[in-house]
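Asker: Start from the sequences, fold in the hints, and give me the full structure.
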Amino acid sequence: MTRVLLPEAVRVGTAPSAERETRTSAVALRDSFSVGVALVPLGLAFGMVLTQAGLDWWWATVFTALIYAGSFEFLLIGLVTALTPLGTVALTAMLVNLRHVFYALSFPLDRVRGVRAKLYSTFAMTDEAYALTATSASRSWSGPRIVWMQLYLHLYWIIGGTAGALLGALIGDSVAGLDFALPALFTVMAIDAARERPEDVSGPLLAFAAAVVAAVVAPGQMLPTAFALLTVALLVSLVASRLRSRRA
Amino acid sequence: MPETPYLFAAVAVTVAVTWSLRALPFVALAPLRESRTLHYLGVRMPTGVLVVLVVYCLRGMPVADNAWLAPAAALAVTAGLHLWRRNVLLSITAGTAVHVVLLNL
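In order, the protein sequences belong to chains G and S.
Residue numbering for the first sequence follows UniProt numbering, beginning at 1 and increasing consecutively.
Residue numbering for the second sequence follows UniProt numbering, beginning at 1 and increasing consecutively.
The hints are simulated quantities; they were obtained by calculation from the structure and are not laboratory data.
Positions of the beta carbon are idealized from the N, C-alpha and C atoms, including for glycine.
Treat the hints with care, since some could be wrong.
What the hints assert, rightly or not - Every beta carbon over 10 angstroms from chain S, so not counted as near; a handful from chain G, in silico: (1) L98; (2) P183; (3) L238.
Said to hold, decoys possible - So the derived label-pair ranges between C-beta atoms look like this: (4) V101/S to S17/G: 51 to 57 angstroms; (5) A73/S to I171/G: 22 to 28 angstroms; (6) L86/G to V63/S: 29 to 35 angstroms; (7) A131/G to Y6/S: 47 to 53 angstroms; (8) E34/S to D56/G: 43 to 49 angstroms; (9) R85/S to L243/G: 29 to 35 angstroms.
Answerer: Written as structure tokens, this is what we have:
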């Protein structure tokens, strides 16, 4: 067993670095496939919604390449076409992407070597990239393999988005209703998030109430109002539960 | 229609916020780990934020005649399929397809 494995290990260890790099990128390409089959169609939908909203097709490339936060990019189309103030854009981006803060607790950035690679790796730490590194199979992945995987996911998203935008520019408004892809995406994400915490029933209900109240009271500022209401409601329930546990 | 400088500013703001959220915790992990309140919000906020976003997307839903039927049916199909099959791509594609078909009938 060791006699068979040893020469192979030695050969890999002494292989020219360019060859090793090619092998790592090929393995990472396979790692990225499972997510790629979902990212490309979503990117296509994103690009089509973007051009249907009246933006030039190349904005899809700018959004997907520079922002690289799928669900928020979808949302940003609506925000910018409504000329939403930049402060609200920042606040919404913060709340929608707040979950990424907690990915840092377990994302294997310590395996990624070099400042540039680390910078890119944090930039490209999307839900999908995080999910792939959270699998048990990924525990043995090297830093370069992780960064290559992230790069492929990034490329799927850019290519899907750009292709969708070009397609959208071609067919124009003839197909109405594609914009439902965004509420559908959020519905699916909400169901998945709720499934992870089945005991938390009041959170989603409070959120729904906050959203309805904000839509009625402050239709022009619905998102910041709803998020503020939700945060206050959750903090109140936290204080209440701490008081209860102290009394008990 | 939004002007190019405004669009670039919106992209820049988004990049700054998103990248900071992803990168800064690696620099300042310790205080973050210790904040129980932030941890509590991090656990309970995501579902709530997503629920708010669903309402936000659908709030412009037309109420006249039977126009609300298309988004309502699409939402039911998306949620129903996802509860049943748990396949993200299937749920989104089927829900959007129902919406497109009903609107273009």
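Asker: So, for every hint listed, does it hold in this structure?
Answerer: Status of each hint after checking the structure:
Under the 10 angstroms C-beta cut-off, the non-interface status given to L98/G relative to chain S is violated; the minimum distance is some 6 angstroms. Consistency note on P183/G: stated as away from chain S, yet its beta-carbon is not over 10 angstroms from all of that chain's, at 4 angstroms minimum. Not every CB of chain S lies more than 10 angstroms from the CB of L238/G, the least distance being 6 angstroms, so the non-interface label is violated. For V101/S and S17/G, the hinted distance range of 51 to 57 angstroms is satisfied, since their beta carbons lie about 53 angstroms from each other.
For the hinted restraint 22 to 28 angstroms between A73/S and I171/G, the CB-CB distance of approximately 23 angstroms keeps it satisfied. The hint said 29 to 35 angstroms for the Cβ distance between L86/G and V63/S, and at roughly 32 angstroms that hint holds. A hinted range of 47 to 53 angstroms is violated for the C-beta pair A131/G and Y6/S, which are about 34 angstroms apart. For the pair E34/S and D56/G, the supplied restraint of 43 to 49 angstroms holds, since their beta-carbon distance comes to about 46 angstroms.
As the Cβ distance of R85/S to L243/G is approximately 42 angstroms, the hint placing it in 29 to 35 angstroms is violated.
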